[in-house]
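Given these sequences and hints, build the entire structure.
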Amino acid sequence: MELLSVIDNVYWLKHGVRTLVSKNLVGGSSVYGEKLFDMRGSQYREWIPDRSKLAAAFYKGFKRVDLRQGYKVLYLGASSGTTVSHVSDIVGDKGEVYAVELSEEMGIKLILLAESRKNIFPVIGDARKLDKLITDRRNFDFVYQDISQRDQVDIFINAVKSFLKPGKSAALAIKTKSIDVRASSSDVINQEVQKLGRVFRVDASINLYPYQKDHALVFVTKK
Amino acid sequence: MDNSSYVTLAKETVKRNLSVDDLIKKLINLIDMGGKSENTLFEAVYDLFFLYFPEAANLSQTKESFAKITANGVGRKEVSGILGIDGGSMGYDFDDDDLQLLSTVVNELGNVHILLDMVGQRLERIMASRYVNLTRVSGYELSARLVSLSGGIKKLAYMPSSRIQVIGSDKSRFSRRSAARGPKYGVIFKHEKVEAADQSRKGRVARIVASKISMAAKLDLFSGEDKSAALIEEMDREIAEIGRHGTAERNR
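Sequence order for the protein chains is A and B.
Using the working numbering, the first residue of the first sequence is number 1, and each one after it goes up by one.
Using the working numbering, the first residue of the second sequence is number 1, and each one after it goes up by one.
In short, the hints are calculated from the structure, not lab data.
None of these values were measured; they are calculated from a predicted model.
Misleading hints may appear alongside valid ones.
[Unchecked claim] Here are the computed lysine to any residue pairs in the SDA-like style, where the Cα-Cα straight-line distance is at most 20 Å: (1) LYS175(A) - SER185(A); (2) LYS171(B) - ARG150(A); (3) LYS118(A) - ARG207(B); (4) LYS218(B) - LEU115(B); (5) LYS26(B) - SER79(A); (6) LYS25(B) - GLU104(A); (7) LYS132(A) - TYR6(B); (8) LYS109(A) - GLU12(B); (9) LYS11(B) - SER80(A).
Below, the structure written as structure tokens:
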């Protein structure tokens, strides 16, 4: 078994097949039933592409994401905290993840996660009204959004405009079926990427098939 | 930076935002899922009984009649006594241990039924005390379903009645987005007035029922005053008037 570094605290674990893992911030704990690997005195958590769109992007070959140790991350649509826990692994003790979730039920799991991971800051509220929830404007190093709503791209554009530092990058998970259930996925993705291209520089648009059906992850950089 | 202030604030927000609507949602889900489990369990238990006494099993294939014939016990003697048939059988002869097991399983099936009844009664009491108008107009189960699917009484009360009419018909509604006509009804289809109406009138009855549900939800949210008698009277009158005023009966 060997470890190949991808980005900070994220590695490919090669053992015949390759498995994406992140270095566990809280030793011994598995967040959503993922496998744990112990190697050279450190513990690594499997990052499952079927469960997390960001992990699926790595499996699809993307690796130039500007997400590092010590970063301050705004995470919209945190849900129960599956992907959030891995982002929390990446940014480490010195980083911060502000995780926004609308649903109370999902939020409860997120809050419980934040109790064991001190770099997660849970916020229960509507990502459309971020100004009221988070006061720290233009001070985030990375914005990640995974919200299945018709206006998901507009929410993302507003959030990145208000909260991301210029020159930094952001990622948006588009669920095409939320935008138009009848149109083909690639049509919706192209149309939304064009919309994003008018405001930001689009770095990559990755169709996440077969790990996530009808989903794409778009990386942009704020000018 | 320490995240404890964020955690505390988030906990307070969750506590503040949870309401009786969440309980209603869970209970109606419990009834639905419990009902499904009861049916699967019944099938397996029925199969087991069929092996032992196929003649009796063949005569009572529904859950209710099965419960009736096994009321005094599961042995061939007791069952055949209730049915008035011959106690002899071509089925496989169970020994005492097997019979004991069969008896326990049948008993558990009955317990599941009692449990679901209890949940239903509790839900009915909650609905009748919190949302009196809604419950009188559309029954506790349908009302609970509407509250659950719409995302709470507030959302239901602010919803146009044309939306209420098609709550729960998402699949059909989205597949017909470019069609000239959307679906005529969603879960409202289970309303007694809609069920009782002729096929050609169901759509129009559903429209009237939805408008009364909308008013009932508004009453329950804003005043809580019980004006359901007037609402029901108005609903019955409007349903009776369908097709009068010279408008032709149209088949949709």
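Cross-check of the supplied hints:
| no. | hint | verdict |
| --- | --- | --- |
| 1 | LYS175(A) - SER185(A) | holds, 9 Å |
| 2 | LYS171(B) - ARG150(A) | holds, 17 Å |
| 3 | LYS118(A) - ARG207(B) | violated, 52 Å |
| 4 | LYS218(B) - LEU115(B) | violated, 33 Å |
| 5 | LYS26(B) - SER79(A) | holds, 19 Å |
| 6 | LYS25(B) - GLU104(A) | holds, 13 Å |
| 7 | LYS132(A) - TYR6(B) | holds, 14 Å |
| 8 | LYS109(A) - GLU12(B) | holds, 14 Å |
| 9 | LYS11(B) - SER80(A) | holds, 14 Å |
Checked against the numbered hints given earlier, this structure breaks hints 3, 4; the rest are met.
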